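Trainee: Next come the chains, spelled out residue by residue.
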Amino acid sequence: MSLQPETFKSLLKVAAEQVIASAPELTTLDQAIGDGDHGTNMKRGFEAVLGKLDAISAQPFDEALKTIGKTLVMTVGGASGPLYGSFFLAAGEALSHDKHLPDDLAEVFASGVDAVSKRGRSHAGEKTMLDVLVPVLEALKTDAGRPDIVERIRTTAAEAAERTAPMQATKGRASFLGPRSVGHVDPGARSSCVLLQAVCASLEGRP
Amino acid sequence: MNDTVSIVIVSHSKDIAKGTADMVRQMVGSEVKVAFCGGNPEGGLGTSVALIVDAINDAWSPKGVAILVDLGGAETNSEMAVEMLDPERRDLVVVCNAPIVEGAVMAATEAAGGSSLAEVRAVAEELSAD
Numbered sequence: 001m002s003l004q005p006e007t008f009k010s011l012l013k014v015a016a017e018q019v020i021a022s023a024p025e026l027t028t029l030d031q032a033i034g035d036g037d038h039g040t041n042m043k044r045g046f047e048a049v050l051g052k053l054d055a056i057s058a059q060p061f062d063e064a065l066k067t068i069g070k071t072l073v074m075t076v077g078g079a080s081g082p083l084y085g086s087f088f089l090a091a092g093e094a095l096s097h098d099k100h101l102p103d104d105l106a107e108v109f110a111s112g113v114d115a116v117s118k119r120g121r122s123h124a125g126e127k128t129m130l131d132v133l134v135p136v137l138e139a140l141k142t143d144a145g146r147p148d149i150v151e152r153i154r155t156t157a158a159e160a161a162e163r164t165a166p167m168q169a170t171k172g173r174a175s176f177l178g179p180r181s182v183g184h185v186d187p188g189a190r191s192s193c194v195l196l197q198a199v200c201a202s203l204e205g206r207p
Numbered sequence: 001m002n003d004t005v006s007i008v009i010v011s012h013s014k015d016i017a018k019g020t021a022d023m024v025r026q027m028v029g030s031e032v033k034v035a036f037c038g039g040n041p042e043g044g045l046g047t048s049v050a051l052i053v054d055a056i057n058d059a060w061s062p063k064g065v066a067i068l069v070d071l072g073g074a075e076t077n078s079e080m081a082v083e084m085l086d087p088e089r090r091d092l093v094v095v096c097n098a099p100i101v102e103g104a105v106m107a108a109t110e111a112a113g114g115s116s117l118a119e120v121r122a123v124a125e126e127l128s129a130d
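These protein sequence lines are chains A and B, in that order. To convert, note that position 26 of the first sequence is 26 in the numbering used here; the numbers rise steadily by one, no gaps. To convert, note that position 28 of the second sequence is 28 in the numbering used here; the numbers rise steadily by one, no gaps.
Derived by calculation from the structure, the hints in this document are not laboratory data. Please read all numbers here as calculations on a predicted model, not as lab measurements. Be aware that one or more of the hints could be misleading.
[To be verified] Taking lysine-lysine pairs in the DSBU-like style, the calculated list, with each CA pair at most 30 Å apart, reads: (1) K118(A) - K9(A); (2) K63(B) - K118(A); (3) K63(B) - K52(A); (4) K9(A) - K70(A); (5) K63(B) - K70(A); (6) K118(A) - K141(A); (7) K18(B) - K63(B); (8) K18(B) - K171(A); (9) K14(B) - K171(A); (10) K18(B) - K43(A); (11) K99(A) - K52(A); (12) K18(B) - K33(B); (13) K33(B) - K52(A); (14) K14(B) - K118(A); (15) K52(A) - K70(A); (16) K52(A) - K118(A); (17) K43(A) - K14(B); (18) K43(A) - K9(A); (19) K33(B) - K70(A); (20) K18(B) - K70(A).
I would like the entire structure built from these sequences, with the hints used as guidance.
Mentor: Here it is as structure tokens:
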């Protein structure tokens, strides 16, 4: 997996567009177990990222990731802003300190996941975005060298998001619902899945 | 004005934030600086890191700033806002684990007496103690 600047630009564009396109679905999921604003919040954040696409793509990777993070922090308007923002800020920070893509992808991704976990004081198993991010990190750690790694990430993310449906939420707004949170895919897990799948699709040269 | 801890109120709703600030001013007076913000970057229900940063800077006191929040996203966004402050200000801002209205009034009352940031926070957080 190599990552050239032009690849990064199209990848970021596809990812942002997919999140924006999934806004109605994310909102529906969030209306079931949250406060119903995840779709519009993510849409606002990634529209702001799209608006800076040229400037972001012109930056070195580490600065580009930090700009994405800061943009999400400043524009999303819900808890997902600091959560996704912290992911990108920490991943960018890792790249600023002797980590390189693609060789250190798992470590860079791990920095992002760790930041989400700290920001949300949460861990996998609580029906959150971490229930997608952590299994994907595990797949990156074990299978990064495999030729089918992109496919592995795609299926891992999809299966992991679906596995949040039977979970009972113990973090975030959904935890207020207790057992009534069971039966719905977590909106944050779903948006993480949308982002990761868009990145995979872009890397495989599909729209 | 700058010899008391300041209070910042962060709600998902600007009306709640403003109403809470009004109560603090009426009950505690004007010797404690109070700033408030509410609403997402588009003005709907939610919170905005940029608005929180502005509110902290507006209310700034060298004795520190205590933030009172309502629901989860307000807390997460407030913590993020603190990290985005100038480094020399970060350690002088705390997000209190306390109910927003009662916490703001108790914190401001304590601040008005000239208490430290730690004392102001402790008084607000007593409201959340088991």
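Trainee: Now look at each hint and say whether the structure bears it out.
Mentor: Hint check:
1. Pair hint K118(A) plus K9(A) holds up; C-alpha atoms about 29 Å apart against a cutoff of 30 Å.
2. A hinted pair counts as satisfied when its Cα atoms are at most 30 Å apart, and K63(B) with K118(A) qualifies at roughly 27 Å.
3. For a cut-off of 30 Å, the pair hint linking K63(B) to K52(A) is broken: about 38 Å separates their Cα positions.
4. Between the alpha carbons of K9(A) and K70(A) the distance comes to roughly 17 Å, so the proposed pair stays at or under 30 Å and holds.
5. The suggested pairing of K63(B) with K70(A) holds, with an alpha-carbon distance near 28 Å, which does not exceed 30 Å.
6. Simply put, K118(A) and K141(A) have alpha-carbon atoms about 20 Å apart, close enough for the 30 Å limit, and the pair holds.
7. Among the hinted pairs, K18(B) with K63(B) is consistent with the structure: their alpha-carbon atoms are about 23 Å apart, no more than 30 Å.
8. Only pairs whose Cα atoms come within 30 Å are accepted, and K18(B) paired with K171(A) is accepted, the gap being roughly 28 Å.
9. Distance restraint check for K14(B) and K171(A): the Cα-Cα separation of roughly 25 Å lies within the 30 Å cut-off, and the hinted pair is therefore satisfied.
10. A hinted pair counts as satisfied when its Cα atoms are at most 30 Å apart, and K18(B) with K43(A) qualifies at roughly 28 Å.
11. Between K99(A) and K52(A) the alpha-carbon distance is near 25 Å, which keeps this suggested pair within the 30 Å criterion.
12. Between the alpha carbons of K18(B) and K33(B) the distance comes to roughly 14 Å, so the proposed pair stays at or under 30 Å and holds.
13. Note on K33(B) and K52(A): the hinted pairing is violated, with a Cα-Cα distance of about 37 Å set against a maximum of 30 Å.
14. At most 30 Å may separate the alpha-carbon atoms for a hinted pair to count; K14(B) and K118(A) meet this at roughly 28 Å.
15. Of the supplied pair hints, the one linking K52(A) and K70(A) holds, its CA atoms being roughly 12 Å apart against a limit of 30 Å.
16. Only pairs whose Cα atoms come within 30 Å are accepted, and K52(A) paired with K118(A) is accepted, the gap being roughly 28 Å.
17. Taking the CA atoms of K43(A) and K14(B), the gap is near 22 Å; set against the 30 Å cutoff, the hint holds.
18. As the CA atoms of K43(A) and K9(A) are separated by approximately 18 Å, the hinted pair is consistent with the 30 Å bound.
19. Among the hinted pairs, K33(B) with K70(A) is consistent with the structure: their alpha-carbon atoms are about 29 Å apart, no more than 30 Å.
20. With a C-alpha separation of about 27 Å, the suggested pairing of K18(B) with K70(A) holds against the 30 Å cut-off.
Violated hints, in rising order: 3 and 13; the structure is consistent with all others.
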